[in-house]
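**Student:** Use these hints to put chain B onto chain A, whose structure you have.
2 protein chains.
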Amino acid sequence: MAHTAPNESARNHAGKSSPRYELLTLGDELLLGLTANSHLTWIGSELGRRGVQLARNVTIDDKAEVIAAQFRESWGKADIIITTGGLGPTCDDNTREAVAQVLGQKLVFDPAIEQAIADRFAKFGRKMVPTANNRKQAFKFERGEVLPNANGTAPGLWVEQDGRVLVMLPGPPNELRPMFTEQVLPRLAARGLLTTGEAYVQIRTAGVGESLLETRFQPIFDRYPDLGIAYCAHLGQVDCRISSPDGRYEMDVLQNVAQECATLLGEDFVCFGHANMVKVVADRLREQGRTLAVAEACTGGLLANSFTDTCGASKFFQGGVVSYSNESKMLFLDCPECLLSQHGAVSPECAVAMASGVAEQLGADYGLSITGFAGPTGGAGENPVGTIYIGLHAPGGDWTKKLTYPGPRCAVKERAVTAAIDWLRREVVKESQKAAAPLAN
Amino acid sequence: MAHTAPNESARNHAGKSSPRYELLTLGDELLLGLTANSHLTWIGSELGRRGVQLARNVTIDDKAEVIAAQFRESWGKADIIITTGGLGPTCDDNTREAVAQVLGQKLVFDPAIEQAIADRFAKFGRKMVPTANNRKQAFKFERGEVLPNANGTAPGLWVEQDGRVLVMLPGPPNELRPMFTEQVLPRLAARGLLTTGEAYVQIRTAGVGESLLETRFQPIFDRYPDLGIAYCAHLGQVDCRISSPDGRYEMDVLQNVAQECATLLGEDFVCFGHANMVKVVADRLREQGRTLAVAEACTGGLLANSFTDTCGASKFFQGGVVSYSNESKMLFLDCPECLLSQHGAVSPECAVAMASGVAEQLGADYGLSITGFAGPTGGAGENPVGTIYIGLHAPGGDWTKKLTYPGPRCAVKERAVTAAIDWLRREVVKESQKAAAPLAN
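Top line first, the protein sequences correspond to chains A and B.
All residue numbers for the first sequence refer to my numbering, where the first residue is 5 and numbers rise by one.
All residue numbers for the second sequence refer to my numbering, where the first residue is 5 and numbers rise by one.
Only chain A is shown next, with the shape it has when bound in the complex (with noise of 0.2 Å):
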């Protein structure tokens, strides 16, 4: 697209520049810190996967002069626009106009639009009252497309003009996900503006910090020059992403290279793609019939509530117990009165008793307990706020490990419960690994 300048562009493999995309969320709720932006982090990771970075996001609140400004300055540099909100029924929503007012185009009446929410509203049991609010959702582009909406009122719109793609999506993250799944992705991809399957391999690790994993990798990765890396770390866990930026490597052999990057981790490695840590340890105590069951102190039920996130979790997950007093340790964990008087409540032996202590009230194959002090207040001495034992009831035996971290409440709440799923995942996975190679032990 001949018109994005050199310095705004990168180039990708044919030496084409690759496509400038922009996103434009629009919302005063947004930028009053009401609502968190999930369209950015949602449509970034979307468009990530398929090759694409976005250049910029920008958030604007929804005043029709503010919009025709900034779609005005955005529609000059980028090759695909995408928005979000501001296409509703509340009196706010100027979006439509202001863009084709930039655009030089006129807004149309859809009969078919209004007869699609027409028959939403009967769908529901409501009559839908023609009010020009309502109305208002029924305009498009002169010159464009409509997107349906199979779960809301306002349709998206897609304008292709000037050699440049405008996509307008409702703000609702239940219509425009679907939206932009099932249609936005393929007529771009259609377009040659996005790769059409994963344009990476991800590897995901546990344990290893960034600098280190990068040494750990480079012998393999310079055998491959022109691959491209990128390292991305959260919460504890480090992704590395494999590609080929100029194209000369087959996805095949993306995946050889990650596949030597994993048996060279061993337990570090989490898995390949976008599973998260309890997916794999769920995967892995469902492949072997095993239950789970855990107890958790400082945590407060951080720990049960990651693992009852995941579909299907009452097929391994046992229950789980929130013992914010050494009664509750006492009366559903078995942990005996003279062990918490001894060693006190946060303590590794208060730790394996309370693993094996809810594995054994629950008939579970696994015990995971957390006892520590998240902070602000508590802990002195040895076990300053940030100390946390993790516990782990396995079939092979009973272990603690303690752990220190800095940070408010909260922060350290899960960072704990990370750790402990991730001393769970390396245990389950060994199972695995016996169950698969008996004769090997």
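Among the hints, erroneous ones may be present.
Same chains, same label: a pair holds when it works inside one copy or across any pair of copies.
[Stated by the list, open to error] In silico lysine-lysine, DSS-like type, Cα no more than 27 Å apart, as pairs: (1) K81 to K67; (2) K67 to K110; (3) K110 to K405; (4) K434 to K131; (5) K434 to K67.
The hints are simulated quantities; they were obtained by calculation from the structure and are not laboratory data.
**Tutor:** Leaving out everything else, chain B in the frame of chain A:
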């Protein structure tokens, strides 16, 4: 600030144009959707409380030429630019250099910054290696100030130039937030760029839709025609913000109006300000010296976690049970087997048994329970996916209620937890009122 174009600025009560704030958030990880843009949410909300709405948030990657181009454009429009990220020691942190070039300033080495970094390393028992990367963090603008970083290495930077303010903040939230609250907000307030106190009175409500709330409040607001009124709905709650855009009403008038609204609402009123519902429940329970225990099935730990995110939760929270199986309901919660086999685990009877069971087991005054089908599977007939029963055991009796939520698993969990906490809030507040006015009963 005279350079602000009229069509890009709001007007405040003195007839002066309000200063235009822009936020530049830097980082590939934001554009790739690896990390949520929490800086927008947090800074947007902190500024909103002080009467400022961000005019724009722009997210770009941290390549030097991209930063320079965007910063140049924003510096031509905004009165205050806040940047986040790109100040750390890693090699893609080119932010300082790119910005210095646009400002026409030199970067100068500041031995005091280097010393502060070395001191911080020493505090954690490490020695600072004077690499180029570590040294880079010790450079500041020749005409600018340093914002010391109490929680990390790279300090923030403050520049006043051309009648504008530039604030550069480090990316990690635990470094950025205290720096913004303790150093940046007071400086901005001292220059008249935001209000020193809260700019509005906020009324938090629950259980009333936005349009009904508007109808109920209107007779009150009709008596104060110059009030600024804004409604914001989120997660089943609606907030109403009352301000005085032309400065006609003093804060105590706003507070009186808000009090009148609260009285009118009765138990649908949650609190003034920004506290969450859990905080309201926690404060009342601590006041009353009462305790709470929870039992949950389909919400899987999220209910317990909501309470234990609050500092000092152990003062009132006795613990919780995540009972994913009938066995765990019998074992931990004393749910009778005949009840489970007659009515099933997703039933009003089971919800009540769970709530009273967990309260009795842990000796708590209140028991709160949730059972249901969060989806995507399970549920049929009278109790389809999305069916939730909440149970409440309180000093005054035991109750249950049924709710139905559409949507994906995590959304159902979240809405069920919010509804349960809201119900408990209403009971706990009633108990407080009884205690305060015993003769009126």
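**Student:** State for each hint whether it applies.
**Tutor:** Here's how the hints hold up against the structure:
1. Both within a single protomer and between protomers do K81 and K67 lie at most 27 Å apart by alpha-carbon distance, with minima of 22 Å and 17 Å respectively.
2. Proximity of K67 to K110 under the C-alpha cut-off of 27 Å is restricted to the intra-copy arrangement: shortest distance 19 Å within a copy versus 39 Å between copies.
3. When the C-alpha separation of K110 and K405 is checked against a cutoff of 27 Å, the pair qualifies neither within a copy, at 66 Å, nor between copies, at 50 Å.
4. With identical chains, the CA atoms of K434 and K131 are never at most 27 Å apart, being 58 Å at best within one copy and 38 Å at best between copies.
5. In this assembly of identical chains, K434 and K67 lie within 27 Å of each other by CA distance neither inside one copy nor across copies; the values are 57 Å within and 42 Å between.
Against the hints set out earlier in the document, violations occur for numbers 3, 4, 5.
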